[in-house]
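Chemist: Here are the chains, one letter per residue:
2 protein chains.
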Amino acid sequence: VAALPLLLHQYIVNQPHHPGVVSPDQQRHACAPQPGTSGAAARAPSTGKPSFTNAFDIRSVGCSGDPTMFEAFWRETGDAAELVIPGWQTMSYFSDVGNVCWFMEPLFDQQVRRLHRTVGNAAVDGYHVLVGTGSTQLFMAALYALSPADADQPTSVVSTAPYYSSYPAVTDFLRSGLFRWAGDANSFVGDSYIELVCSPNNPDGAIRDAVLSSGAGKAVHDLAYYWPQYTPITRRADHDIMLFTVSKSTGHAGTRIGWALVKDREVARRMTKFVELNTIGVSKDSQLRAAKVLGAVSDGYDVGGGGASRHRLFDFGRRKMVERWRMLREAAAASGAFSLPAETSGQCNFANETAANNPAFAWLRCDREDVEDCAGFLRGHKILTRSGNQFGADPRYVRVSMLDRDDAYDIFISRLASLK
Amino acid sequence: VAALPLLLHQYIVNQPHHPGVVSPDQQRHACAPQPGTSGAAARAPSTGKPSFTNAFDIRSVGCSGDPTMFEAFWRETGDAAELVIPGWQTMSYFSDVGNVCWFMEPLFDQQVRRLHRTVGNAAVDGYHVLVGTGSTQLFMAALYALSPADADQPTSVVSTAPYYSSYPAVTDFLRSGLFRWAGDANSFVGDSYIELVCSPNNPDGAIRDAVLSSGAGKAVHDLAYYWPQYTPITRRADHDIMLFTVSKSTGHAGTRIGWALVKDREVARRMTKFVELNTIGVSKDSQLRAAKVLGAVSDGYDVGGGGASRHRLFDFGRRKMVERWRMLREAAAASGAFSLPAETSGQCNFANETAANNPAFAWLRCDREDVEDCAGFLRGHKILTRSGNQFGADPRYVRVSMLDRDDAYDIFISRLASLK
Ligand SMILES: Cc1ncc(COP(=O)(O)O)c(C=O)c1O
Ligand SMILES: Cc1ncc(COP(=O)(O)O)c(C=O)c1O
Chain A
1 VAALPLLLHQ YIVNQPHHPG VVSPDQQRHA CAPQPGTSGA AARAPSTGKP
51 SFTNAFDIRS VGCSGDPTMF EAFWRETGDA AELVIPGWQT MSYFSDVGNV
101 CWFMEPLFDQ QVRRLHRTVG NAAVDGYHVL VGTGSTQLFM AALYALSPAD
151 ADQPTSVVST APYYSSYPAV TDFLRSGLFR WAGDANSFVG DSYIELVCSP
201 NNPDGAIRDA VLSSGAGKAV HDLAYYWPQY TPITRRADHD IMLFTVSKST
251 GHAGTRIGWA LVKDREVARR MTKFVELNTI GVSKDSQLRA AKVLGAVSDG
301 YDVGGGGASR HRLFDFGRRK MVERWRMLRE AAAASGAFSL PAETSGQCNF
351 ANETAANNPA FAWLRCDRED VEDCAGFLRG HKILTRSGNQ FGADPRYVRV
401 SMLDRDDAYD IFISRLASLK
Chain B
1 VAALPLLLHQ YIVNQPHHPG VVSPDQQRHA CAPQPGTSGA AARAPSTGKP
51 SFTNAFDIRS VGCSGDPTMF EAFWRETGDA AELVIPGWQT MSYFSDVGNV
101 CWFMEPLFDQ QVRRLHRTVG NAAVDGYHVL VGTGSTQLFM AALYALSPAD
151 ADQPTSVVST APYYSSYPAV TDFLRSGLFR WAGDANSFVG DSYIELVCSP
201 NNPDGAIRDA VLSSGAGKAV HDLAYYWPQY TPITRRADHD IMLFTVSKST
251 GHAGTRIGWA LVKDREVARR MTKFVELNTI GVSKDSQLRA AKVLGAVSDG
301 YDVGGGGASR HRLFDFGRRK MVERWRMLRE AAAASGAFSL PAETSGQCNF
351 ANETAANNPA FAWLRCDRED VEDCAGFLRG HKILTRSGNQ FGADPRYVRV
401 SMLDRDDAYD IFISRLASLK
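These protein sequence lines are chains A and B, in that order. Under full-length UniProt numbering, residues 1 to 420 are what the first sequence spells out, in order. Under full-length UniProt numbering, residues 1 to 420 are what the second sequence spells out, in order.
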């Protein structure tokens, strides 16, 4: 298994659209209900995938990383997180012409810094904040900023397997001459590279450090899941480039807002330039909504100000995740056919207590001798998952989302428990 | 002059960051006031570039295409175009899983179709609507969708000079192996290409058709300015791929919403895939705001429904543009040092009368014998413009925005009139 992903990806690199690997497109459509629901709700804002009252949807359990679990929390907060936008507001391309990131709303910058100070998960002093259309756009921006423009060869992009399935797909889809996917970081040989460090890791929840170190190498730390609902906050991270997203911190994936904390001004400038050329900045409406939502989260813990609200996102999130992981471990034990990563824990500086690691995804291994394709096996039992081979790993593994709505999660658990 | 742009661009194609051509980054920063204003308004949403009460800003007249002229209209409409978003709304990555464009809000799709039916500027029946983070993202999506994935060579991307300065920059910044800028369409030799047809054209306002035709060639029609405030609506456009944006139709550039009308389902699918890989979809908040705003525009003309509001965007816009073009022609005549494209007009099927072409940019030529660099000359007189050479044209030309706020436009006019 160890050598296979690398071989596979060396093959992929020269191919335009990754034959042999299911693209995120196919993945996502595999996750989605069947066509036929289009336009159903044309008079109202969308609600994401249809709920389980619709029979056709019963199959779509647990596949995508859609964070709809958090909806229940935000329904409770009332108008504390409600945004009103008058017709004439923020019409300009520009937001803050004196900032490196000239299209960033100052309110957003402010609330990002405030939340990191509240949680203590990342340093912000001396950092540039950059806003992106999701952290996915900032991931591409980082590749662009860190690849030398005058190099003969594209810079190699690597990550320890199992790695987030979008990394290879997003790196290679335009066949850029600046950067190119080069597979598992552990098998990489060379001096010049960009290492993606995802911690806690998607798909397996592992706490990670960079495995490579060379003067010419660079690291991008994807800290999408470094929040108290998922993992103990053991230190204030202070890497050169750190990526975050509201998709995973607050659950607002539809708002498409991510941010980067960047130490070096020139890197910040080049990342900003990427976003400028790619989309001429980032939706102000989304930035203002994200600022509102992040502000509401900080308000929940603002004890110093005396105004701490009773709505505390990380308490809600941790309670949910602890409960769901307990259910999952019980279901796996009841079934006997699956194993899960061992539970780890640590001292959480935010909660001021020992807390377990409760990853946003379950990295499930099928232990049955006769099953080599775990995703296929589960699909046959109406559980949709992403196969391990999409993450550069063994297809005996699958990734399951832990962030779906309660009804979907409950169905997943009861189906899993009944499998022998 | 005719051969120069092509030579220049053949040179550029092999260079990562276009030495010798001012990048949009530099352009935009040249347009912006000096640093030092950062964070000034951190308690409120941004208002774009500071107004002219600030002395440092006096220089930034007329440079970018920021459509702040329309703010005055939207301040009049009251809550007809106001959007309220509860904290729990549209949190999912998904909007409409049965649609090719699975991340598009059905309300947005609906209002786009309604507005085109109201205005009569483009066919929508039998078309897929796709939403993008500005039409800039959909421009890249079209290049991705139209470039054969298995070609040995990148597909050539061309447009008749003078062309929108972003086309070469956006095409080449990632040095894609799929597509590559190849300069002026009129000098192109070959069978396989993507021709960008911008009509009315940025920068010169010309009404354009494709100049190339071959079985293997493709065209993308950028109709950002094909709206009644800028030009007579002479026909219902029905090209294979048509791009539009709220940035120019309603003035909401900060919302970052564009759309494509696409005939072919496979092309629509590949464009959607681009947006999925690039940013996992498009802000729902922005889509809902755009739907609200487009709906308010249609409401202004909904005579059949009996509910036509008294706020009519295209009437406002046309009145403004007519007035501004009159002022500009008078100022150019008073100065004697500049010439402008001749005024053209046509029968507007929307307004049901003859209407002039009133472009969103003035394509100004400096007629003084001693001035070869018109942008430099104007900069010396505190008028910032984009030089013709950024559009593949003669630096005796400059592009000036006609969509700035009244105060900025008035200063520009008085400065121009006083130049001899
Ligand atoms: C590790 C990681 N990074 C980034 C993302 C994408 O986040 P965004 O929605 O901000 O683009 C995800 C989403 O699943 C993720 O798991
Ligand atoms: C011709 C043309 N197309 C596209 C755009 C970009 O529009 P958007 O703001 O939707 O990305 C512009 C903006 O100036 C333009 O002039």
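Calculated directly from the structure, the hints in this document are not laboratory data. Hints may contain errors.
What the hints assert, rightly or not - Straight line, CA to CA, 25 Å or less: simulated SDA-like cross-link-like pairs of lysine to any residue:
id	chain 1	residue 1	chain 2	residue 2
1	B	Lys292	A	Ala337
2	B	Lys320	A	Pro86
3	B	Lys292	A	Lys218
4	B	Lys292	A	Thr47
5	A	Lys382	B	Ser192
6	B	Lys292	A	Phe188
7	A	Lys292	B	Lys320
8	B	Lys292	A	Gly380
9	B	Lys292	A	Gly78
As the list claims (entries may be wrong) - Reference excerpt, derived from the structure (chain A facing chain B, CB under 10 Å, subset only):
id	residue
10	Phe173
11	Asn186
12	Ser187
13	Val189
14	Ser345
15	Gly376
As the list claims (entries may be wrong) - Short derived list, chain A residues pointing at chain B, Cβ under 7 Å:
id	residue
16	Asp66
17	Phe94
18	Gln137
19	Leu178
20	Ile411
21	Ser414
22	Arg415
A virtual CB, placed ideally from N, CA and C, is assigned to each residue, including glycine.
Chemist: Evaluate each hint against the coordinates.
Modeler: Now for the hints, and whether the structure bears them out:
no. : hint                : result
1   : B:Lys292 / A:Ala337 : 51 Å, violated
2   : B:Lys320 / A:Pro86  : 22 Å, holds
3   : B:Lys292 / A:Lys218 : 44 Å, violated
4   : B:Lys292 / A:Thr47  : 18 Å, holds
5   : A:Lys382 / B:Ser192 : 46 Å, violated
6   : B:Lys292 / A:Phe188 : 51 Å, violated
7   : A:Lys292 / B:Lys320 : 36 Å, violated
8   : B:Lys292 / A:Gly380 : 43 Å, violated
9   : B:Lys292 / A:Gly78  : 23 Å, holds
10  : Phe173              : 5 Å, holds
11  : Asn186              : 26 Å, violated
12  : Ser187              : 24 Å, violated
13  : Val189              : 24 Å, violated
14  : Ser345              : 29 Å, violated
15  : Gly376              : 22 Å, violated
16  : Asp66               : 5 Å, holds
17  : Phe94               : 5 Å, holds
18  : Gln137              : 5 Å, holds
19  : Leu178              : 6 Å, holds
20  : Ile411              : 18 Å, violated
21  : Ser414              : 23 Å, violated
22  : Arg415              : 21 Å, violated
Comparing the model with each numbered hint stated earlier shows that hints 1, 3, 5, 6, 7, 8, 11, 12, 13, 14, 15, 20, 21, 22 do not hold.
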